[in-house]
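**Student:** Each chain, written out:
Number of protein chains: 2
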Amino acid sequence: MALTRRHALAGAAALAAAPLMPGLPAKAAAPIAGKQNASFYRYKVGDAEVTVISDGATTFPLGDSFVLNAKKDEVNAALEKAFRPRDKMTINFGPLVINTGGKLVVVDTGNGPAAFASSKGAVGQFASNMTAAGIDPKAIDVVVISHFHGDHVNGLLTADNQLAFPNAEVLVPAVEWKYWMDDGEMSRASGDRMVGLFKNNRRVFETGLNKKVTPYEWGKEVAPGMLAVESIGHTPGHTSYVLSSGADKVFIQSDVTNDPDLFARNPGWHLMFDQDPAQAEITRRKVYDMIAAEKLSVQGFHYPFPGLAHLEKDGSGYRWIPAPWKPVI
Amino acid sequence: MALTRRHALAGAAALAAAPLMPGLPAKAAAPIAGKQNASFYRYKVGDAEVTVISDGATTFPLGDSFVLNAKKDEVNAALEKAFRPRDKMTINFGPLVINTGGKLVVVDTGNGPAAFASSKGAVGQFASNMTAAGIDPKAIDVVVISHFHGDHVNGLLTADNQLAFPNAEVLVPAVEWKYWMDDGEMSRASGDRMVGLFKNNRRVFETGLNKKVTPYEWGKEVAPGMLAVESIGHTPGHTSYVLSSGADKVFIQSDVTNDPDLFARNPGWHLMFDQDPAQAEITRRKVYDMIAAEKLSVQGFHYPFPGLAHLEKDGSGYRWIPAPWKPVI
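Chain order of the listed sequences is A and B.
Going by our numbering, the first sequence opens with residue 1, and the numbers climb by one from there.
Going by our numbering, the second sequence opens with residue 1, and the numbers climb by one from there.
What the hints contain is simulated information worked out from the structure, not anything from laboratory work.
One should not assume that every hint holds.
Identical chains blur together in the list; that is why a pair holds if it fits in one copy or across any two.
What the hints assert, rightly or not - Straight-line Cα separation of at most 20 Å, SDA-like style, residue types lysine to any residue; simulated pairs:
hint : residue 1 : residue 2
1    : Lys-35    : Asp-47
2    : Lys-326   : Thr-90
3    : Lys-44    : Thr-90
4    : Lys-44    : Arg-84
5    : Lys-326   : Phe-83
These figures come from a predicted structure and were not determined experimentally.
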């Protein structure tokens with residue numbers, strides 16, 4: 001029988017008509033495993049070792065305003081172009097552990113234990129996947145926070161509000177720290193989401209961490225070989241990083257884009273979670289022009305796991321090209 | 001400091017000039033892990049559960065004749081377009097374990113224990129990654145072989161030449177079986193590679209398996225919901241599969257292409273391992289036209305792990321678009 005399109009389309013009907021091979025042994029069926037591999041992945045940047053540790057993914061109905069300046073039909077078209085289902089969004093979360101050779105550095109901390117419980121394990125996986133990766137939270141020297149949204153800071157605390165990384169110094173962007181801890185800014189916050197963010201940051205940093213953080217400046221190293229660079233718009237103090245070792249480097253973008261199938265392909269689209277969408281777009285275009293021109297690797301917090309990719313110019317946007325998985329480092 | 005291209009380019013010089021954050025705790029550096037995650041990945045096709053289990057990857061210098069009908073410069077250009085290094089090839093190997101709900105089915109078996117030893121673990125990882133995935137080789141009901149190349153059949157035997165899947169029926173393409181077991185065909189084999197393949201297949205199937213195999217025909221099910229379809233050219237009996245469950249399906253291509261960055265992008269390119277390159281090209285174009293037109297999922301044995309993708313037409317070839325990793329099934 002030659003291959004024809006019919007075979008791919010026929011489905012159950014043709015299969016029912018095709019006899020099973022004779023002689024298959026009769027025994028109890030093996031149970032469905034139903035459980036994914038622990039989602040962590042390692043790669044080298046020169047002498048440094050990056051472990052991407054998924055915090056999981058959340059799926060929700062696509063709303064009319066997920067992209068502020070595009071119609072839901074346009075967003076659905078972008079999803080379909082990426083062979084993804086219409087009318088729903090899946091957002092991935094990818095914190096990192098970087099071993100610089102001198103320091104063990106966590107970059108962002110995921111949605112945290114309360115989200116793990118309420119999502120039934122769909123998100124908040126950072127702690128369990130870190131354990132699967134053989135990394136002890138007590139061994140972490142430094143936690144670097146890119147910005148003060150819950151999916152980046154809530155993993156700083158355990159379920160009983162203890163420090164998740166008890167021996168780590170916590171580094172936060174100075175501009176971000178000043179903004180979210182400012183009582184005047186908090187009093188001027190409008191809308192449930194912004195008020196909620198201010199409250200959550202007070203919960204995490206004032207109550208949980210007792211303000212024991214070290215603000216960092218852009219243009220400085222936050223760990224050996226890891227330079228903090230300003231990439232504002234998503235939040236007032238949003239920060240990205242360039243990790244360099246020898247001739248090798250990767251641009252750790254944080255939330256310069258959310259989902260790349262939408263916002264790398266359409267850098268002019270404004271995400272509902274961008275606090276200053278116009279500034280976020282300026283940053284996004286500048287950063288992605290640079291990454292594409294220099295053929296840099298980019299590590300995206302909201303890219304599908306493991307989130308390491310290259311970018312190429314395509315029309316008015318960018319195509320993201322995932323790095324091939326290496327079964328051996 | 002605003003983000004400029006300089007930061008990404010500056011590298012060690014700029015980093016050396018940037019002072020480290022003060023107050024980092026002084027303690028012993030954490031050791032580099034140096035070990036990749038076990039490379040297995042699960043997804044559902046209707047009620048069936050597919051576990052992709054990497055057998056590893058091999059990297060070797062790009063020769064002048066890896067692609068028979070393209071210049072090395074053209075191949076290097078294709079590698080660079082995919083953000084891969086010039087002058088070397090990495091080939092991935094991805095056997096499957098499919099739980100159909102009724103049967104636990106292995107599809108191809110990887111490079112086997114001798115290759116594991118000689119490659120120092122770079123390939124031949126199927127057995128160890130299957131263990132990591134919690135799958136007992138003794139629980140396998142059926143092993144389906146797509147074709148008789150060493151990276152597909154050598155994992156049928158253990159290092160001491162015992163059956164790797166002792167309770168499984170071994171299903172082989174009838175045309176492939178007839179060809180490789182035919183003494184006349186063997187006597188007419190020319191060149192070291194073809195002679196070696198005949199000898200290896202006698203070693204595996206006559207000595208190791210004592211000819212205890214069940215030949216299967218195209219157009220028939222080899223397991224519940226899994227239809228064998230002819231896709232010849234790479235070998236005389238090369239076989240692909242359509243796995244269907246409910247409305248869901250995936251095209252398991254086996255070696256319709258080798259590396260998709262080369263042969264999906266350039267379906268007219270002829271791989272040095274294609275026994276009948278012209279027929280392999282006819283098959284490749286027919287299969288990929290169908291997959292792209294029907295927006296089918298494709299599972300590729302030589303695609304980068306985990307090897308599940310879609311295909312879209314792009315110019316005279318196809319772009320492969322990896323399916324996003326799901327941290328929860």
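**Student:** At 20 Å max between alpha carbons, let me know whether Lys-35 reaches Asp-47 within a copy, between copies, both or neither.
**Tutor:** Cα proximity of Lys-35 and Asp-47: across copies only (14 Å, versus 33 Å in one copy).
**Student:** Within, between, both or neither: how does the pair Lys-44, Arg-84 come out at a Cα-Cα threshold of 20 Å?
**Tutor:** Between copies only: 15 Å across chains, 30 Å inside a chain, cut-off 20 Å.
**Student:** How would you classify Lys-326 and Thr-90 at a CA-CA limit of 20 Å: within, between, both, or neither?
**Tutor:** Classified as between: cross-chain Cα gap 10 Å, same-chain 25 Å, threshold 20 Å.
**Student:** Is it within a copy, between copies, both, or neither that the alpha carbon of Lys-326 lies no farther than 20 Å from that of Phe-83?
**Tutor:** This pair counts as between: shortest inter-copy Cα distance 14 Å, intra-copy 24 Å.
**Student:** For Lys-44 and Thr-90, with the copy left unspecified, which applies at a CA distance of at most 20 Å: within, between, both, or neither?
**Tutor:** Intra 28 Å, inter 17 Å, cutoff 20 Å: inter-copy only.
The earlier numbered hints are all upheld by this structure, with none contradicted.
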